[in-house]
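Participant: If you want the building blocks of each chain, they are given just below.
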Amino acid sequence: MKQSKFNKIRMRETLISYAFLAPALFFFCIFVLLPMIMGVVTSLFRYNMKGMTFIGLDNYVNMFKDEVWQKSLVNTLILVVGSVPITVLFALFVAAMTYEKNPFTRSFFRCVFFLPVVTGTVAVTVVWKWIYDPLNGILNWLLKSMNIIEKNIMWTGDKKFALWAILIILITTSVGQPIILYIASLGNVPKDYVEAAQVDGANDLQVFWQIKWPSLLPTTLYIVVITTINSFQCFSLIQLLTSGGPNYRTTTIMYYLYENAFKRFEYGYANAMGVVLALMIGLISFIQFKALGSDVEY
Amino acid sequence: MKKKTGILDIISMAFLLILSFIFIFPFYWILTGAFKSQKVTVKLPPEWFPLSPTMENFHKLMQNPALQWLWNSVFICGITMLIVCVVSSMAGYVLAKKRFYGQATLFSIFVFAMALPKQVILVPLMKLVSFMGIHDTSWAIILPLCGWPFGVFLMKQFSENIPTELLEAAKIDGSGEVRTFSSIVMPIVKPGFGALAIFTFINTWNDYFMQLVMLNSRAKLTISLGVATLQQEFSTNYGVIMAGAAMAAVPIVAVFLMFQNYFTQGITMGAVKG
Amino acid sequence: MKKILSLGLAAALMATTLAGCGGSGGSETTAAPAADTGTTAAAGEAATTAGGSDAAAPAGAVEITWWAFPTYAQDADKPAGTYEAEIIAAFEAKNPDIKVNLETIDFTSGPEKITAAIEAGTVCDVLFDAPGRIISYAQNGKLVKLDDMFTDEFVKDVNNEALLNSCKSDDGSYYMYPISTAAFCMAVSKQALEAADAMSCINMEGDRTWTTAQFEEMLKKLNAAGFNGATVYCSGQGGDQGIRAFVTNIYDSQVTNDEVTEYTLNDEGGIKALTKIKEWVDAGYMLNGSAYNGGEDVDQFVAGNTAFTTLWSPGLASQRAETLTQNEIEAIALPFPSDDGVPELEYLVNGFCVFDNGDAAKAEASKKFIDFMCNDEEWGPKDVVRTSVFPVRQSMGDLYPGDEEMGFYASLTKYYSPYYNTIKGFAEMRTYWFPMLQAVLNGDSTPEDAVNDFVTKANQSIANAQ
Numbered sequence: 001m002k003q004s005k006f007n008k009i010r011m012r013e014t015l016i017s018y019a020f021l022a023p024a025l026f027f028f029c030i031f032v033l034l035p036m037i038m039g040v041v042t043s044l045f046r047y048n049m050k051g052m053t054f055i056g057l058d059n060y061v062n063m064f065k066d067e068v069w070q071k072s073l074v075n076t077l078i079l080v081v082g083s084v085p086i087t088v089l090f091a092l093f094v095a096a097m098t099y100e101k102n103p104f105t106r107s108f109f110r111c112v113f114f115l116p117v118v119t120g121t122v123a124v125t126v127v128w129k130w131i132y133d134p135l136n137g138i139l140n141w142l143l144k145s146m147n148i149i150e151k152n153i154m155w156t157g158d159k160k161f162a163l164w165a166i167l168i169i170l171i172t173t174s175v176g177q178p179i180i181l182y183i184a185s186l187g188n189v190p191k192d193y194v195e196a197a198q199v200d201g202a203n204d205l206q207v208f209w210q211i212k213w214p215s216l217l218p219t220t221l222y223i224v225v226i227t228t229i230n231s232f233q234c235f236s237l238i239q240l241l242t243s244g245g246p247n248y249r250t251t252t253i254m255y256y257l258y259e260n261a262f263k264r265f266e267y268g269y270a271n272a273m274g275v276v277l278a279l280m281i282g283l284i285s286f287i288q289f290k291a292l293g294s295d296v297e298y
Numbered sequence: 001m002k003k004k005t006g007i008l009d010i011i012s013m014a015f016l017l018i019l020s021f022i023f024i025f026p027f028y029w030i031l032t033g034a035f036k037s038q039k040v041t042v043k044l045p046p047e048w049f050p051l052s053p054t055m056e057n058f059h060k061l062m063q064n065p066a067l068q069w070l071w072n073s074v075f076i077c078g079i080t081m082l083i084v085c086v087v088s089s090m091a092g093y094v095l096a097k098k099r100f101y102g103q104a105t106l107f108s109i110f111v112f113a114m115a116l117p118k119q120v121i122l123v124p125l126m127k128l129v130s131f132m133g134i135h136d137t138s139w140a141i142i143l144p145l146c147g148w149p150f151g152v153f154l155m156k157q158f159s160e161n162i163p164t165e166l167l168e169a170a171k172i173d174g175s176g177e178v179r180t181f182s183s184i185v186m187p188i189v190k191p192g193f194g195a196l197a198i199f200t201f202i203n204t205w206n207d208y209f210m211q212l213v214m215l216n217s218r219a220k221l222t223i224s225l226g227v228a229t230l231q232q233e234f235s236t237n238y239g240v241i242m243a244g245a246a247m248a249a250v251p252i253v254a255v256f257l258m259f260q261n262y263f264t265q266g267i268t269m270g271a272v273k274g
Numbered sequence: 001m002k003k004i005l006s007l008g009l010a011a012a013l014m015a016t017t018l019a020g021c022g023g024s025g026g027s028e029t030t031a032a033p034a035a036d037t038g039t040t041a042a043a044g045e046a047a048t049t050a051g052g053s054d055a056a057a058p059a060g061a062v063e064i065t066w067w068a069f070p071t072y073a074q075d076a077d078k079p080a081g082t083y084e085a086e087i088i089a090a091f092e093a094k095n096p097d098i099k100v101n102l103e104t105i106d107f108t109s110g111p112e113k114i115t116a117a118i119e120a121g122t123v124c125d126v127l128f129d130a131p132g133r134i135i136s137y138a139q140n141g142k143l144v145k146l147d148d149m150f151t152d153e154f155v156k157d158v159n160n161e162a163l164l165n166s167c168k169s170d171d172g173s174y175y176m177y178p179i180s181t182a183a184f185c186m187a188v189s190k191q192a193l194e195a196a197d198a199m200s201c202i203n204m205e206g207d208r209t210w211t212t213a214q215f216e217e218m219l220k221k222l223n224a225a226g227f228n229g230a231t232v233y234c235s236g237q238g239g240d241q242g243i244r245a246f247v248t249n250i251y252d253s254q255v256t257n258d259e260v261t262e263y264t265l266n267d268e269g270g271i272k273a274l275t276k277i278k279e280w281v282d283a284g285y286m287l288n289g290s291a292y293n294g295g296e297d298v299d300q301f302v303a304g305n306t307a308f309t310t311l312w313s314p315g316l317a318s319q320r321a322e323t324l325t326q327n328e329i330e331a332i333a334l335p336f337p338s339d340d341g342v343p344e345l346e347y348l349v350n351g352f353c354v355f356d357n358g359d360a361a362k363a364e365a366s367k368k369f370i371d372f373m374c375n376d377e378e379w380g381p382k383d384v385v386r387t388s389v390f391p392v393r394q395s396m397g398d399l400y401p402g403d404e405e406m407g408f409y410a411s412l413t414k415y416y417s418p419y420y421n422t423i424k425g426f427a428e429m430r431t432y433w434f435p436m437l438q439a440v441l442n443g444d445s446t447p448e449d450a451v452n453d454f455v456t457k458a459n460q461s462i463a464n465a466q
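So the sequences go chain by chain: A, B and C.
According to our numbering, the stretch in the first sequence is residues 1 to 298, in order.
According to our numbering, the stretch in the second sequence is residues 1 to 274, in order.
According to our numbering, the stretch in the third sequence is residues 1 to 466, in order.
Just chain A, same shape as in the assembly (with noise of 0.2 angstroms):
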């Protein structure tokens, strides 16, 4: 009887929420949700302007056997390495640096970090491509004047430094989100603990490691998946600086795929780059949101 009763209340209750939640699933189902699926079965069959031909897993045992592929892989997973320990280090310095000024001072620096990601990446990378220009550019003619380097260096087209190159435009259009949100983190860290610490004998470095770090694991956390996503996304920067030359060194998997569907038309082969991609960032994101769940019910 009871049971009966609860049931009737929670099956209203679930015909509100779909009501609710139906524009919402509709965008959702429609936008998301069709195409992800088009794209996993299209992923099976040998997909392009000609038309379409069953081929089972083919396109995904081409892809592992895809050297410029795996070198993709490589250049993303680098990306990924190197601008998550930036970033969240970047990151904190600023924020430790800012969070206890005022609050003018704050905003202020909140907005400077902010401003490369609200410039938008393809104005920053109009900059950027001057700056890096090897005959006209900025870069090399400061480290020439300031006798650092006797020849031109050609940042985006050299084996050496591309990567890197991309990877620092890739740093300041992501730090700002893990800047502001350090700052408000640090912000919430219970003051009469760091004064009693303090009191002790504590030494800023102490406090530091001991009583702020601990509370910011969760921001942190958060912020390595939001960095790791947002690195493996990275497009852009590579469309519009490098053609993910040179020789492929600049190349990600995001390229690779956008590459393959619009310069050499294999719809099929792109989209199963996409259905692993997806894989693979749900993967990741899973074992930190996981790790980030069960931290933050304190």
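A hint or two may mislead.
[Unchecked claim] Within a straight-line C-alpha distance of at most 30 angstroms, the following computed DSSO-like cross-link-like pairs (lysine-lysine) qualify:
#1 A:K8 x A:K71
#2 A:K144 x B:K118
#3 B:K118 x A:K71
#4 C:K78 x C:K94
#5 A:K191 x A:K159
#6 C:K414 x B:K39
#7 C:K424 x C:K414
#8 A:K8 x B:K97
If you are wondering where the hints come from, they were derived from the structure by calculation, not from laboratory data.
Fit chains B and C to the supplied structure of chain A, relying on the hints for placement.
Facilitator: Leaving out everything else, chains B and C in the frame of chain A:
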């Protein structure tokens, strides 16, 4: 709290200022470059400030449908923002406050999809959009972006703040679901609304990838895509490109500066206590 | 608002489902009829509002869309599309029942835009481009046959089998209607050469042909005088035909065999050429161009940063004339140097194709428009001159009387090499070309390994496209 200023602090502060300079530089360079003549923009050593400012670049820019591009961007971002806000606040509220069948599954799907880069569904999405006959229109960008579940997630976070007692009291008073939503829920999640609005606006403005794939016609481009096109057409003329970049960046930076508190709040709420 | 939208969407979806989710043929036709039915008016209207630029066409008029790469030169300071608009106005005046909408596209993102639009079913009717891409669209069944435009009179007038063949797909039908042609060549800066005392290295007589030895001499002198050589540009595929011709010429190699069935760049000459180029780059005679594409290399040349460029054509000469004058540089066009002094040049053919959008009336109107642009008594020759190259119709005669420089360019037609841009998988091959050069220049692999690898992949691309 006593604080002694040591050497380390001074060094750190100096470092911070240098970093700030690097971060401001691109924006500064776009702004000033827009007013430099073609020759000056590629001059070395660079002219740090336009000594003889010129409007020439803007005249050249205006020979392209730049204002139309700007309007397209505003239109796309505005409509996306509206739809996302309405749709997400409704969904976020029930996800946070109701108990219903399939809730946990649904939420996990949303979270998973949020992590998914939209680029991976690029080709099917394009096919779909063209089936609907809206490829190469603003709707080809607006509608897919409305499906992105970040907004739902963010609004769920904000809705967690709604005191359950308040909702129960409303129910006892016999208030209908719609009225409860509009008179109790909405006022409480209003800050979230602001945060989501500004967040969506900025992200849509700068979503180069979607625009690149979905738009073809010159008259239908957005301002960022327009600038990227200019960059390819006028590779020799930095001045015009800078003028275009300025046109793409200034409005959005202005919006950001005006609403930055909402924005900060949005980012923080979307993250902590996940 | 939302309600209307959802309705429209739902209706559009329905239409989609009804049309069947089958082949791509369906996609092109669904959009149009859906907009006519009452239920989907909302979606249609929404789309129009979003664009906001559709001018009303006279009743019963056929509306076609023309996408143009910046091939026609514009008057000084006029934006892309100005001259094209003049043609359209003239055409519409004579054919009031046809309305032409113009879209200008650029060479960097244009090709991808076309691909996207083909997939999305929103591609144009008329495209102004070159055989490389056009024939690949034809091979994929996206184009309308133009055989009826190749009248006996026209074929006789062109009188150039190689050129006509470049307009055919492998089914033997014509898909591109050519208007003008010219050879790609290179250019040197007279000022730089004079300052480096290197004018003696080049040949200004006759067809200006010269040898690789002379070229190397010029490199050395330029370097000694502190000038930068050209970039061996390879950051992307833009303008790659120029550097490819440079590579093949210096030691008399060929990109493909004469029958254009197989890539042969890995012959002795090709390997030797790449080895030599690597040497030149290492010695600082030429610049590693991994950060530049063809257009950017030309930018550096006209800005005076480099003393020569391997990407030049009469069209480029006229487009960049203003900048050259500003920077006080006089560009001398030259054929590519070669070991035996006889160059083999790649050439461009400008022409039009018609996309099959499933509407016979549009296809007819498109052909009419193309015919007007190429064969109208007034506009035909005028259009050719705007492409800054030479008419494919011999009967048009010399359109540049008294112009010595153009006379030189015209003389290069006798050095045309086999045209391989219509080879199957051409587009895919181009994606392997620039990484190959980058691999050589950056020392990732030996020239021999790199070019062998390139030829293997390129030959594979022919097979892939079957």
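Participant: Between K424 (chain C) and K414 (chain C), is the straight-line Cα distance small enough, at 30 angstroms or below?
Facilitator: It holds: about 26 angstroms lies between the C-alpha atoms, which stays within 30 angstroms.
Participant: Are K8 (chain A) and K71 (chain A) close enough, with their CA atoms no more than 30 angstroms apart?
Facilitator: violated, 57 angstroms
Participant: Need the status of pair K118 (chain B), K71 (chain A): alpha-carbon distance at most 30 angstroms?
Facilitator: holds, 22 angstroms
Participant: Going straight from one Cα to the other, do K78 (chain C) and K94 (chain C) come out at no more than 30 angstroms?
Facilitator: It holds: about 25 angstroms lies between the C-alpha atoms, which stays within 30 angstroms.
Participant: Against the 30 angstroms threshold, does the CA-CA distance of K8 (chain A) and K97 (chain B) hold or violate the hint?
Facilitator: holds, 18 angstroms
Participant: Against the 30 angstroms threshold, does the CA-CA distance of K191 (chain A) and K159 (chain A) hold or violate the hint?
Facilitator: violated, 49 angstroms
Participant: Please verify whether K414 (chain C) and K39 (chain B) have alpha carbons no more than 30 angstroms apart.
Facilitator: At roughly 40 angstroms apart (the allowed maximum being 30 angstroms), K39 (chain B) and K414 (chain C) break the hint.
Participant: Check the hint pairing K144 (chain A) with K118 (chain B) against an upper bound of 30 angstroms on the C-alpha distance.
Facilitator: Measuring from Cα to Cα gives roughly 42 angstroms; hence the hint is violated.
Going through the hint list in order, the structure does not satisfy hints 1, 2, 5 and 6.
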